[in-house]
Amino acid sequence: MYLRSLATAVPPHSFTQAECWRVFEEGNLLDRLRPRSAALVGKILKNGTSGIERRNFALDEIGPVFNRGAQQLNEAFERDAPALGADALTKALANAGAAPGEIDALFVCTCTGYLCPGLTSHIAERIGLRADTYLADLVGLGCGAAIPTMRAVEGF
Numbered sequence: 001m002y003l004r005s006l007a008t009a010v011p012p013h014s015f016t017q018a019e020c021w022r023v024f025e026e027g028n029l030l031d032r033l034r035p036r037s038a039a040l041v042g043k044i045l046k047n048g049t050s051g052i053e054r055r056n057f058a059l060d061e062i063g064p065v066f067n068r069g070a071q072q073l074n075e076a077f078e079r080d081a082p083a084l085g086a087d088a089l090t091k092a093l094a095n096a097g098a099a100p101g102e103i104d105a106l107f108v109c110t111c112t113g114y115l116c117p118g119l120t121s122h123i124a125e126r127i128g129l130r131a132d133t134y135l136a137d138l139v140g141l142g143c144g145a146a147i148p149t150m151r152a153v154e155g156f
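Going by the numbering used here, the sequence shown opens with residue 1, and the numbers climb by one from there.
No lab work stands behind these hints, which were simulated from the structure alone.
Mixed in with the good hints, there may be bad ones.
Simulated crosslink set (DMTMM-like; lysine to aspartate or glutamate; CA at most 25 Å straight-line) [as the list claims (entries may be wrong)]:
| # | residue 1 | residue 2 |
| --- | --- | --- |
| 1 | K43 | E25 |
| 2 | K91 | E78 |
| 3 | K91 | E102 |
| 4 | K43 | D31 |
| 5 | K46 | E78 |
| 6 | K46 | E61 |
| 7 | K91 | D104 |
| 8 | K46 | D80 |
| 9 | K91 | D132 |
| 10 | K91 | D60 |
| 11 | K43 | E19 |
| 12 | K46 | D31 |
| 13 | K43 | E53 |
| 14 | K91 | E26 |
| 15 | K46 | D60 |
| 16 | K43 | E26 |
| 17 | K91 | D80 |
| 18 | K46 | E26 |
| 19 | K43 | E61 |
| 20 | K91 | E53 |
| 21 | K91 | D137 |
| 22 | K91 | E125 |
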C-alpha cells in the first residue's frame with residue numbers, strides 16, 4: 001500500500017482572524033474565559049503570529065456558535081462533516097486517477113466533532129468504498145491532527 005493522493009475540504013464560510021477576534025470582543029466572550037485563556041485567544045487571533053489567515057466554519061455566523069451546547073454543535077457536525085469528507089475523498093480519487101474500489105484504507109482526522117459510527121463510515125458509504133476497506137477515525141488530536149494521522153497511515 002502507498003499514498004497516491006491527499007486532499008482536503010473546508011467548510012464554505014471563511015472569516016479572517018480579525019473578524020473572529022471581533023466576535024469575541026463584541027459578544028463579551030472573553031469574560032467567560034479565565035484570564036490566561038483570554039490572553040491565549042488574543043495571542044492567536046490578534047497578533048498575526050499563528051500563521052493562520054482565515055478560519056472556515058460550516059455555520060454562516062460564528063457568533064451564535066459560542067451560545068450553542070455540545071448537542072447542537074455535534075448535530076451541525078453530523079450534518080456537514082460527512083459531505084465535506086466525501087468531497088475531500090472525491091478530490092483525492094480524482095487527483096490519483098483512482099476509483100473508490102481501489103482504496104484499501106481511509107484515515108480521517110478531526111478535532112471539531114465526534115460521530116458514532118465514525119466519520120469514515122459515513123464517507124465510505126457515500127463514496128461506495130469496499131466493505132473490507134480499513135477505516136480509522138482519529139479524533140481529539142487538536143489542530144495539528146494531520147501529523148499523528150500520517151504516522152498512523154505509515155503504520156498501516
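Going down the list of hints, with the structure as the test:
1. About 14 Å separates the Cα atoms of K43 and E25, which keeps this hinted pair within 25 Å; it holds.
2. Restraint check for K91 and E78: satisfied, since their Cα atoms lie roughly 21 Å apart, inside the 25 Å limit.
3. At roughly 15 Å between alpha-carbon atoms, K91 and E102 fall within 25 Å of each other, so this suggested pair holds.
4. Under the criterion of a C-alpha separation no larger than 25 Å, the hint pairing K43 with D31 is consistent with the structure, at around 16 Å.
5. Our distance criterion of 25 Å between C-alpha atoms is broken by K46 and E78, whose separation comes to about 31 Å.
6. A C-alpha spacing of about 19 Å is found between K46 and E61, which places the hinted pair at or below 25 Å, so the restraint holds.
7. Restraint check for K91 and D104: satisfied, since their Cα atoms lie roughly 17 Å apart, inside the 25 Å limit.
8. At most 25 Å may separate the alpha-carbon atoms for a hinted pair to count; K46 and D80 exceed this at roughly 28 Å.
9. Distance check on the hinted pair: K91 and D132 sit about 22 Å apart at the alpha-carbon level, within 25 Å; holds.
10. Only pairs whose Cα atoms come within 25 Å are accepted, and K91 paired with D60 is accepted, the gap being roughly 24 Å.
11. For a cut-off of 25 Å, the pair hint linking K43 to E19 stands: about 14 Å separates their Cα positions.
12. Among the hinted pairs, K46 with D31 is consistent with the structure: their alpha-carbon atoms are about 17 Å apart, no more than 25 Å.
13. Among the hinted pairs, K43 with E53 is consistent with the structure: their alpha-carbon atoms are about 14 Å apart, no more than 25 Å.
14. Note on K91 and E26: the hinted pairing is violated, with a Cα-Cα distance of about 38 Å set against a maximum of 25 Å.
15. The hinted pair formed by K46 and D60 meets the criterion: a straight-line CA distance of about 22 Å does not exceed 25 Å.
16. Of the supplied pair hints, the one linking K43 and E26 holds, its CA atoms being roughly 17 Å apart against a limit of 25 Å.
17. For the proposed pair K91 and D80, the alpha carbon gap of about 17 Å is at most 25 Å, so the pair holds.
18. Between K46 and E26, the direct Cα distance comes to roughly 14 Å. Compliance with the 25 Å bound is thereby established for this hinted pair.
19. Taking the CA atoms of K43 and E61, the gap is near 22 Å; set against the 25 Å cutoff, the hint holds.
20. As the CA atoms of K91 and E53 are separated by approximately 23 Å, the hinted pair is consistent with the 25 Å bound.
21. Note on K91 and D137: the hinted pairing holds, with a Cα-Cα distance of about 19 Å set against a maximum of 25 Å.
22. For the hint linking K91 to E125, the alpha-carbon distance of about 16 Å falls within 25 Å, and the restraint holds.
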